[in-house]
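Protein chains: 2
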Amino acid sequence: MNLQRKHQSETMKIYDLIIIGGGPAGVSAGIYAARQKLDTLLITKNFGGQMAKKAVNIENYPGMGEISGMELIQKFEKHLKKNDIKIKMESVSKVKKTGNTFSVTTRDREEQKSRAVIIASGSDPRPLEIPGEKKYIGKGVSYCVTCDGPIFTDKTVAVIGGGNSAFEAAYSLSRYARKIYIMEYSAQVKADLENQQRAKETGKIELVTNVLLKEIRGGDFVESVTYEDNTTKEVSVLKLDGIFVEIGSQPATSVVKDLVDFNERDEIVADPRTCQTKTQGLFAAGDVSDTTFKQIVIAAGTGATAALSVSNYLKLST
Amino acid sequence: MNLQRKHQSETMKIYDLIIIGGGPAGVSAGIYAARQKLDTLLITKNFGGQMAKKAVNIENYPGMGEISGMELIQKFEKHLKKNDIKIKMESVSKVKKTGNTFSVTTRDREEQKSRAVIIASGSDPRPLEIPGEKKYIGKGVSYCVTCDGPIFTDKTVAVIGGGNSAFEAAYSLSRYARKIYIMEYSAQVKADLENQQRAKETGKIELVTNVLLKEIRGGDFVESVTYEDNTTKEVSVLKLDGIFVEIGSQPATSVVKDLVDFNERDEIVADPRTCQTKTQGLFAAGDVSDTTFKQIVIAAGTGATAALSVSNYLKLST
Chain A
297 MNLQRKHQSE TMKIYDLIII GGGPAGVSAG IYAARQKLDT LLITKNFGGQ
347 MAKKAVNIEN YPGMGEISGM ELIQKFEKHL KKNDIKIKME SVSKVKKTGN
397 TFSVTTRDRE EQKSRAVIIA SGSDPRPLEI PGEKKYIGKG VSYCVTCDGP
447 IFTDKTVAVI GGGNSAFEAA YSLSRYARKI YIMEYSAQVK ADLENQQRAK
497 ETGKIELVTN VLLKEIRGGD FVESVTYEDN TTKEVSVLKL DGIFVEIGSQ
547 PATSVVKDLV DFNERDEIVA DPRTCQTKTQ GLFAAGDVSD TTFKQIVIAA
597 GTGATAALSV SNYLKLST
Chain B
297 MNLQRKHQSE TMKIYDLIII GGGPAGVSAG IYAARQKLDT LLITKNFGGQ
347 MAKKAVNIEN YPGMGEISGM ELIQKFEKHL KKNDIKIKME SVSKVKKTGN
397 TFSVTTRDRE EQKSRAVIIA SGSDPRPLEI PGEKKYIGKG VSYCVTCDGP
447 IFTDKTVAVI GGGNSAFEAA YSLSRYARKI YIMEYSAQVK ADLENQQRAK
497 ETGKIELVTN VLLKEIRGGD FVESVTYEDN TTKEVSVLKL DGIFVEIGSQ
547 PATSVVKDLV DFNERDEIVA DPRTCQTKTQ GLFAAGDVSD TTFKQIVIAA
597 GTGATAALSV SNYLKLST
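Chains as they are written, first to last, in the working numbering: chain A, 297 to 614; chain B, 297 to 614.
In case anyone wonders, no lab produced these hints; they're calculated from the structure.
Note that the coordinates shown come from a computational prediction; the quantities given were computed from them, not determined experimentally.
One or more hints might be untrue.
Which copy is meant is left open, because identical chains are indistinguishable; a pair holds if it fits in one copy or across any two.
Simulated pairs of lysine-lysine, DSBU-like, Cα-Cα distance not exceeding 35 Å [claimed, not checked]:
id, residue 1, residue 2
1, Lys535, Lys378
2, Lys590, Lys382
3, Lys611, Lys382
4, Lys374, Lys500
5, Lys529, Lys486
6, Lys371, Lys384
7, Lys475, Lys378
8, Lys553, Lys590
9, Lys611, Lys384
10, Lys333, Lys451
11, Lys393, Lys590
12, Lys535, Lys611
13, Lys341, Lys590
14, Lys371, Lys341
15, Lys451, Lys371
16, Lys341, Lys382
Work out the full structure, taking the sequences as your base and the hints as a guide.
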């Protein structure tokens, strides 16, 4: 009888809020939700989001000066855990909404219920998936010009990709680097003519098209990239100090894909003033959402906005 | 001849960007602008914005844990000054736009020119302007329930004001405080009926209308407020532990008033995705703009967004 009652009360537990994600947006949402006295469960595989992949120091989270990604993650995690919030270290496999209640299923097949959900599951840069790439992350391989560009002052670098983001990255790098190669698999690049023209005008950017990257090599740091001409199959080696991968990103949206709209970058469309998605009670924050710029402090700001919006939403829906 | 040339080149100097304000939004914009290699001048009377007025610790800037306002300001200022940015400690008296160039005049009658401006001049809570108010800031007098509410757990407090923000503040406080008085000058309150109803349902909130606040008194901390009935002129003393002033705020917008649109709260209307105002090249960030929630991390996030938008804007306008 006691056991049954216990089981019953467990299955009936409905959180005010479930937050999915432990990066800057999820942690910020968690801090704000706890301070709003929302009964909150945060579910994440790990803390830090993309910060965890940054082997170079972070210099643009206001107030922190220069700090390693790992140290900043620890500060976020510690700050979160000072608050009254339940944390479950697991992957989410599915989010459903029935009536006004969300159910969030994790990979361990547990189901949790809540009245609101913040999806802050982030986004991953799409990797090249070639030998040497993983080895040299933070040692010449980067996925973020805004973060790591200044390191390559007076160096030779390559930007991989042929879209606007690759050309914008190359243009940004032209403020620092001595020489920038843009390397693209197709024979034609997809970037706007304007972006192409601007890159050309720097006098520092050289376009290498129709090539397949084969391998990144070096000693302690990146020293070269090996590539093959798609037509002639000729293999060449290009000496360089850094490689910026700009072949797109993958917002981690699969668990809510039936509940939200997407923009052209596969990001979740959310009202920028409230983080509300098209499903009432489901909010999106950080890099998984369609914010214009992907930065730690911007993600943290949207996490706060989402949590305060949830607080308003729950007041109105009671 | 040399002197004349020097003078000429000085008067012709055009910055990429002038940032007005040294609070979280202005400092964050400054850090991002400098990292974007924008030739930037930041003009502010002082650093910290509203953080400077917080005598209690800040617990909701993600990653910082619990920190005093003054310490957080110092961290922001130090971080900013690590970057290549010019800083002028002065008040701005006027912003004009002629062609594509902005001119920003300071109180010392100097004029600076730039191709873009970020206004991040913040907002001040409107004070009561009664004896004892200034003395007890941080010692029972507060202008921010989100920040300071938890301090008053099981205490008796008053919220001054009769609008939605006062009722929302009182409702938020009902999670913490034992008893909340809402004190309003008019005979009728202006808050939505829904807000009034919700406040009533807490069973903790008592409405006192038609009163004029005269004085805040106490020892080391607030102990009472003295008020007069507007009809009978009877003077009463109410014992309490805290006073939240919610009689509106004053966004510091006067220097750009001819260049922007305002919302109903006298905040500058800005595109939430870019911070662009109605004047091309003029961006607004932080509490001076029409962000939904006024929080340090949200202001810092919009500062970053504004600076990155300026970078895009300047590329497109060259």
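Cross-check of the supplied hints:
1. Only between protomers do Lys535 and Lys378 lie at most 35 Å apart by alpha-carbon distance; the minimum there is 33 Å, versus 48 Å within a single protomer.
2. Both within a single protomer and between protomers do Lys590 and Lys382 lie at most 35 Å apart by alpha-carbon distance, with minima of 27 Å and 26 Å respectively.
3. For the homomeric pair Lys611 and Lys382, the shortest alpha-carbon distance inside one copy (21 Å) is at most 35 Å, but the shortest distance between copies (46 Å) is not.
4. For a Cα distance limit of 35 Å, the shortest separation of Lys374 from Lys500 across copies, 34 Å, qualifies, whereas the shortest one inside one copy, 44 Å, does not.
5. For the homomeric pair Lys529 and Lys486, the shortest alpha-carbon distance inside one copy (23 Å) is at most 35 Å, but the shortest distance between copies (76 Å) is not.
6. Taking the shortest alpha-carbon separations for Lys371 and Lys384, both the intra-copy value of 18 Å and the inter-copy value of 32 Å come in at or below 35 Å.
7. Proximity of Lys475 to Lys378 under the C-alpha cut-off of 35 Å is restricted to the inter-copy arrangement: shortest distance 27 Å between copies versus 47 Å within a copy.
8. Taking identical chains as interchangeable, the C-alpha atoms of Lys553 and Lys590 lie at most 35 Å apart whether they share a chain (21 Å) or sit on different chains (31 Å).
9. For a Cα distance limit of 35 Å, the shortest separation of Lys611 from Lys384 inside one copy, 26 Å, qualifies, whereas the shortest one across copies, 45 Å, does not.
10. When the C-alpha separation of Lys333 and Lys451 is checked against a cutoff of 35 Å, the pair qualifies only between copies, where the shortest distance is 17 Å, while the shortest distance within a copy is 51 Å.
11. Proximity of Lys393 to Lys590 under the C-alpha cut-off of 35 Å is found in both arrangements, the shortest distances being 28 Å within a copy and 30 Å between copies.
12. For the identical chains of this complex, Lys535 and Lys611 are inter-copy neighbours only, at 30 Å across copies versus 60 Å inside a copy, given an alpha-carbon limit of 35 Å.
13. Taking the shortest Cα distances, Lys341 and Lys590 sit within 35 Å of each other both inside one copy (21 Å) and across copies (31 Å).
14. Both within a single protomer and between protomers do Lys371 and Lys341 lie at most 35 Å apart by alpha-carbon distance, with minima of 17 Å and 31 Å respectively.
15. In this homomeric assembly, Lys451 and Lys371 come within 35 Å of each other (Cα to Cα) both inside a single copy, at 33 Å, and across copies, at 31 Å.
16. In this homomeric assembly, Lys341 and Lys382 come within 35 Å of each other (Cα to Cα) only inside a single copy, at 14 Å, whereas the closest approach across copies is 43 Å.
In summary, the structure agrees with every hint in the numbered list given earlier.
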